[in-house]
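Taking the hints as your guide, dock the two standalone chains into a single complex.
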Amino acid sequence: MSAPLVEISGLQKRFDGGTEPAIARLSTVIQPGQVTGLVGPDGAGKTTLMRLIAGLLAPSEGSITVCGFDTLDNPAAVHDVIGYMPQRFGLYEDLTVLENLVLYADLKGVVGPARAPTFERLLAFTDLARFTDRLAGKLSGGMKQKLGLACAMLKSPRLLLLDEPSVGVDPISRRELWRMVYQLIGEGVGVVWSTAYLDEAENCADVIVLNEGKVLYSGDPHALTATMAGRVFHVRGAGPERRDLLARAIKRPEIVDGVMQGEAVRLVVAETASVPEAAELAPGRTVSVAPIPPRFEDAFVALLGGQSKRTLSLDGHVSDNHDGAPPVEAKALTRRFGDFTAADQISFEIRRGEIFGLLGPNGAGKSTTFKMMCGLLRPTSGAARVDGLDLYSAPAAARARLGYMAQKFSLYGDLSVRQNLEFFAGAYGLWGAKKRAAVERVIAAFDLDAHVNDNAGGLPLGFKQRLALAAAVMHEPPVLFLDEPTSGVDPLTRREFWSFINAMVGRGVTVMVTTHFMDEAEYCDRVALISRGKCIAIDAPEALQASIRTEALPNPTLEDAFVALIEAQDPETAKAAA
Amino acid sequence: MWTRLIALIMKELLTAFRDPKARVALIVPPILQLFLFAFAATMEVSNVPIGVINDDWGAASVQLISRFERASAFSEIRHYAGLRQARAAIDAQQVMAVVRIGQDFSRALAAGENPSIEVLLDGRKSNSAQLVNNYIGLIVNQFSSDRRLGVEVAAASQVIDRSWYNANRDYREAMVPILIATLPMALVMMIVGMSVAREQELGTFEQLLVSPLQPIEIVVGKAVPGLIIGLAQCAIMTVIIQFGFGIHATGSLAVLFAALTVFMIAITGVALFISSLVSNQQQAMMGIMVTMMPAMLLSGFSSPVQNMPDWLQPLAGINPLTHMLVIVRGVFLRDTPFILVAEQIWPMAAVAVVTMTAAAWMFRRKVE
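Line by line, the protein sequences are chains A and B.
Following the working numbering, the numbering of the first sequence begins with 1 at its first residue and continues without gaps.
Following the working numbering, the numbering of the second sequence begins with 1 at its first residue and continues without gaps.
Only chain B is shown next, with the shape it has when bound in the complex (with noise of 0.2 Å):
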């Protein structure tokens, strides 16, 4: 058994690497990507240029909008002399918010008064614009406090906000750590759900079928392989985000490739399953896909499964990748203890133990 399982084994890591294309394309894509991720796929706010209406032409107006000029979350301040310039603006996407000061701005501010501003968001990128409000925000509440140092007003309470475990909230540390496991899982249910597939094709999976290979023998020569190439990509990525990109595990690398292990035999349960049900590599890529769009939406990987409908939050529990998700960002970012991360690989080993044994299920009916 051992030397037919070898065999196959061999075989299917010379199909994957002997093609100098193939070689190309396990290695350069995702690494494209994981600098892709990095640096275009960015959430902060910065660099964006802000258009004002000033209606006043009091002093205070012009200190106000000089510190606007000197955030650096905005690149350029664009001024307008009316709603309806500041609105073809806004329309031809050439700024995403734009502040209008009211003419008796520095005359109430001068009188004590408290005068309001008025802020025009564009509602189609609801995200940025929330995070635009929020810095202008915060820039005018600054400057108001500042106006009033002197004045005898009671203090208003102040929030001052942290940032546990991602101190600088740099958007880049806690996304780029999450690559590790996505990269790998589309790469590998790729590679494992093609790979029958291809082989039905080409017939040479019915030469396998009529030699002494058993249909387990099969599942397990096609599982390790696509284990062993997701597992080096892990490691690849994994030495990149370190040094590359500076971004250092605060947990165990030993603790997260455990947990990375019980996560691509999952994923390889899922793709072999896939490759069952198919004929043709076509209906293969389908089911990937299929299978992979949802699989992302529903691990968090870009808004928190919290924040979900209740009865989809079970559906985000027996995906892996949730799981996964969090033991990376945990050990990433806050050295999560064995313990809480051995609570997410058990849903993982699970979902590896039934989707292997519904392919090696399904395999057997497919030979006979």
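Excised from the complex, chain A in its bound form (with noise of 0.2 Å):
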């Protein structure tokens, strides 16, 4: 094997006013001609790793060495090796592809015969060269990460640096994205790539596994899963109450980790348990408990310690007034902006206490029709209703009626959890004792008590999650609408988050979903796949997935499901995909 592109040795970063370290002694290297992956929870010290990395950073202790240069004696050399995308890769978005590349061109040096060829063989490998004059903040977000990759690597790097890239990217952009980086590694690059999306582990060569500043694993990432074998088990059979089977299963002390699967719950024992007896798991039922292959997830969860056992306290069932309709519709449902047609003719129903799924590539009309949903949005002609009261003609009524949580974190960052919360309950016409009511009821629900007088901009990730569905439901809407809820959320905090949204459905709460991301599509009981402004399919996960099931192809994921539905209705997609 050739040498190390990075060596780390005892590496200590501490930032000022903070008691803990931000990378706690680390020794690793990493190798040229593969991908490193960089796995941890939200605020494991991931980015700061990139950082020091790429020399950005200047290390409290230690020394890292790339290519054989101290990135603290010679940071300019470092620069010059390595290609480094950040999160937010710095785009200009008032700038056409092109302008940006040739800015960035100009700011690496890369200028007269040379820079031809390299945008040529740059766009040919990004498969921008179609767009070259569109603005950058026009693109899609797996556009956008194609090009921050582009202008990362100018210069040809030795070593890329990819902070968390899929974040907000469909898996068509997402295959494509691995797709440029494993030729890239190819050609002998090293790549490091961070990632909350443990999928993506599998793909790396190596895993640095980070938590708090600490390495809990580093090396192959399938040897951590095999260690796996023998606890991972999948419950089927529950039917409508696999929900509470999940719920009760995960209060259990012998099992570490409990997701939906579809039809199944998926469930990890900890490491000394047996197997778990169905009849304990569901009384009453019959419930096949089956053993199932690992994944890099499990051992994940399980290496940091299972997931949590709280779940949320809430009493009592929502009520439903308007008895007959349904609690969330789509009625031909369509929106043209000039004379594109963003969504045409949509039309779904989602049953009461159902959580509804809306799946879809960037830039194919899943915003477009969420948006109509949520009243943010007139459509040039169908219905949006919420229990039966039309969005638009009784918006007032509808929207008391619904209960929202954006993508982003979007509640006031500078006030505080209560005051936010007080505001919320006001918005909602709730006052007085019924408000301070409300307030109370969730802070006791969502365990905001240690947390309520700071600031939410302040917040650690989990808490501004839950403060954010707190605000969402204080008013005990029946209908709940999260758009990518867990977009960029560590896995911990997700399972912490549905299992949140799975006690709202057990009291009779409706919940509609936007979501890039497969392991939340398979907490929907039914997900509807809209591409090119339409709906082209709407069913439950697993039927979804048996409708491609192919002697090639045995046991398909959802994700390949996804796929394979939308490149059948969109060639044109599925060739820019190849």
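None of these hints come from the bench; they were simulated from the model.
Glycine is no exception: its CB is placed at the ideal position from the N, C-alpha and C atoms.
Incorrect hints may appear among the rest.
Just some of the chain A residues that point at chain B, by a computed CB distance under 7 Å [claimed, not checked]:
#, residue
1, A400
2, D414
3, L415
4, G429
Facing chain A, according to a computed beta carbon distance under 10 Å, are these residues of chain B, among others [stated by the list, open to error]:
#, residue
5, L5
6, T204
7, Q214
In silico lysine-lysine, DSS-like type, Cα no more than 30 Å apart, as pairs [stated by the list, open to error]:
#, chain 1, residue 1, chain 2, residue 2
8, A, K214, A, K251
9, A, K309, A, K214
10, A, K331, A, K138
11, A, K434, A, K408
12, A, K331, B, K366
13, A, K408, A, K309
14, A, K155, A, K138
15, A, K138, A, K108
16, B, K21, A, K408
17, B, K366, A, K534
18, A, K408, B, K366
19, A, K138, B, K366
20, A, K435, A, K408
Here it is, written out as structure tokens:
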């Protein structure tokens, strides 16, 4: 094996005012010609480590050498051999794709005769040649990342640092990004890919699992996954009670992790525990428990000590005043922007107590549909109804019956947790004793007590999520709309979030969710697949998977189903992705 | 509706005041500006050096120069030997004016003739130079009329001027009260104009839009806090001006604040209208600047509206600040009766109605 690209020895990084080091005693090497995954929950130190390797931060102790250059002594030489793509790459949204490239080429000194072939190569590589005149701000999430990647690769780096490149990117674009990265490592480039998506870790040759600045595991991800053999099970046959089953199961001491996977519940048991008893998991029902092959995420969650045992403590059942009417109904929803039809005759009905997912590639009309359902975008024709109330002819009454959680944390960062809650209670018309009761109820239910007087902007991510959900359900809406609720959120926070959602669904709340994230889609009872403005499939996740099952692909994942169905409907996207 | 509105207003006030830095930013700069305007931006001429070229060797010229030396307007009299030196001094902006006394000044005066004196002025500072010229003229006139005492000459008519409403012609007394309107105006435009853009950037605006809050409620909820903060600022300014600077209003403060309320509503309407057009804070900032500078210039803040060309005057007429400045000056300097104040209030009220309606309409469009 050739000499390592990066050698890290005894690395420590402390920030002023922090009691715990952001990176503690880290020694590792990064090899050329392979992808090294940097995996960890939010705040684990992934970005800090990236910035240290890029020579943008100085280590407090220890040293990092990149291609033989010390990052502290010779940062300029380090910058010359690396390409760094930060989480939010600094694309100029008011410049076109080409202008962005030219700007970064100027900045990096890629000038003269070298420029034209470089551009040609990168534009072909990223398949952006058709879009050179488009403003960067108008690109989809996936295309933005590709352009960022192109800018980071202008100088043909030997080491490419990619900080969470797949956040907000649909599965098709995500596969493209991986394809591009594999092509690069074939050319001998070393790639560091940080991610909170654990299925990506399995694509890496090496992973470094970070938690609170400490390395929990370093090495081959498959070796780590293999340690979980015999500890992972699918529980099937619980039908509509599977959410209860999951909620009960994760409270048991021997279960370290549990998630929904369509019809099945995936459970991971502690190292010494035996196979869970079907009868104990679902008293009064016949369920089957079958071992299944483990995946990296099982190992990861077990490594971090398992998921939180706490669940939502809300009682009672939400009222449904409008008997007969479905809680959410889209009726031939159509929206045109000029002569472009973003959403075309989209219709669906969501049943009470159902989790319904809206899936689709970036720019397919998923967000447009979601916005119309929230009352944020008036449809050109068709109707959007919540509990039988039309969002555009009876907006105030219809909105009062829905709770909304935006993709980005969108509460008031400079108000305290309590002030935020009080504001949203007031905005939904709660007053006096009722308002106080509602605020106290959600503070207790979501365990926000510890931070109640802290500014919302400074909360840890998990608390922000809880607060946003608390604010959305303050007025006890029968319908909850979630827009990519756990995009970029680590697996533990995501599990906690979905345990809350499951608890609400148990109380009769109806949930509609948009997502890029197949794990999230697995929690849905049914999903609608939207592509090119049309709804191309509405079914249970397992049924979608079954629909594409072939001999070549006997166990398709939901992501496989997603890609296959989109490609079947839209050969052009398929060609672009190929 | 009231519950939702109060919740929104409370939230706006909390966001404005909760952060200690924001609190300081709300209170300190306007007060600082008040003091700066009051002391630094003076248009009076005092303590300026002037130059003298004295080609005359007689006693009369020395007497005249000693009068210049005693004048409080001039800090120092610099003597130059010739025109070349004087020119260099004016070029280097060491003096604003040079008085040149001719060779035969004393002789001509003794002979009962009327000698002339040359005054060289720095035209780059036209206003101040004009004032300096007036002072010099006054001193020279006084000198020559004193010289003629006892000499039998038909007395020329004398002009005696008196400034009504500002008897001491104290610049500060005329200028500072205006700040009661202009400084809070700038603040309110900023707070209200930026607040919607900020929420759009944060994503909280969507959160408001999916709640049962109606567009009109959002408009009112954004306007009222701006109004409250603006009027509070006006009150603080008034107190400082009355008790800190000792400039007392001759008219009714109640009338003044009635007018200020209408004025602030009009300004809030303008700011909301701007914020309904923009999509981020940078654009909001630009919009505010582009509106505020002409509003200041066209208001008669520094040069009287009557002196503007005819085609500009209607523009000044729809500028709420123009009317507010007339009211502030009126109430402070000459106890304007309410009926005259009301004449200035109704155009502001009209602007308020128009801008508020336009803002609400734009909001509705934005939402849908």
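Quick rundown of the hints versus the structure:
1. The closest approach between the C-beta of A400 of chain A and any C-beta of chain B is roughly 5 Å, which is under the 7 Å cut-off, so the hint is satisfied.
2. Here the hint on D414 of chain A is kept, as its CB sits about 5 Å from the closest CB of chain B, short of 7 Å.
3. A least Cβ separation of about 6 Å between L415 of chain A and chain B falls short of the 7 Å threshold, and the interface hint therefore holds.
4. This hint holds: G429 of chain A has a C-beta 5 Å from the nearest C-beta of chain B, less than the 7 Å allowed.
5. Satisfaction of the interface hint for L5 of chain B is found here, the shortest Cβ-Cβ separation to chain A being roughly 9 Å, below the 10 Å cut-off.
6. At its closest, the beta carbon of T204 of chain B sits 5 Å from a beta carbon of chain A; the interface hint therefore holds under the 10 Å criterion.
7. Because the closest C-beta pair between Q214 of chain B and chain A is about 6 Å apart, less than 10 Å, the hint holds.
8. A hinted pair counts as satisfied when its Cα atoms are at most 30 Å apart, and K214 of chain A with K251 of chain A qualifies at roughly 28 Å.
9. For the proposed pair K309 of chain A and K214 of chain A, the alpha carbon gap of about 23 Å is at most 30 Å, so the pair holds.
10. A threshold of 30 Å between alpha carbons decides the hint, and for K331 of chain A with K138 of chain A the separation of about 29 Å falls inside it, so the pair holds.
11. For the hint linking K434 of chain A to K408 of chain A, the alpha-carbon distance of about 29 Å falls within 30 Å, and the restraint holds.
12. At most 30 Å may separate the alpha-carbon atoms for a hinted pair to count; K331 of chain A and K366 of chain B meet this at roughly 24 Å.
13. A distance of roughly 26 Å separates the Cα atoms of K408 of chain A and K309 of chain A; the hinted pair therefore holds under the 30 Å criterion.
14. The suggested pairing of K155 of chain A with K138 of chain A holds, with an alpha-carbon distance near 26 Å, which does not exceed 30 Å.
15. For the suggested pair K138 of chain A and K108 of chain A, the alpha carbons sit about 25 Å apart, so the restraint of at most 30 Å is met.
16. Pair hint K21 of chain B plus K408 of chain A holds up; C-alpha atoms about 25 Å apart against a cutoff of 30 Å.
17. Pair hint K366 of chain B plus K534 of chain A holds up; C-alpha atoms about 26 Å apart against a cutoff of 30 Å.
18. Annotation: proposed proximity of K408 of chain A to K366 of chain B holds, straight-line Cα distance about 20 Å (limit 30 Å).
19. Note on K138 of chain A and K366 of chain B: the hinted pairing holds, with a Cα-Cα distance of about 20 Å set against a maximum of 30 Å.
20. Of the pairs offered as hints, the one joining K435 of chain A and K408 of chain A holds, with about 26 Å between alpha carbons and a cut-off of 30 Å not exceeded.
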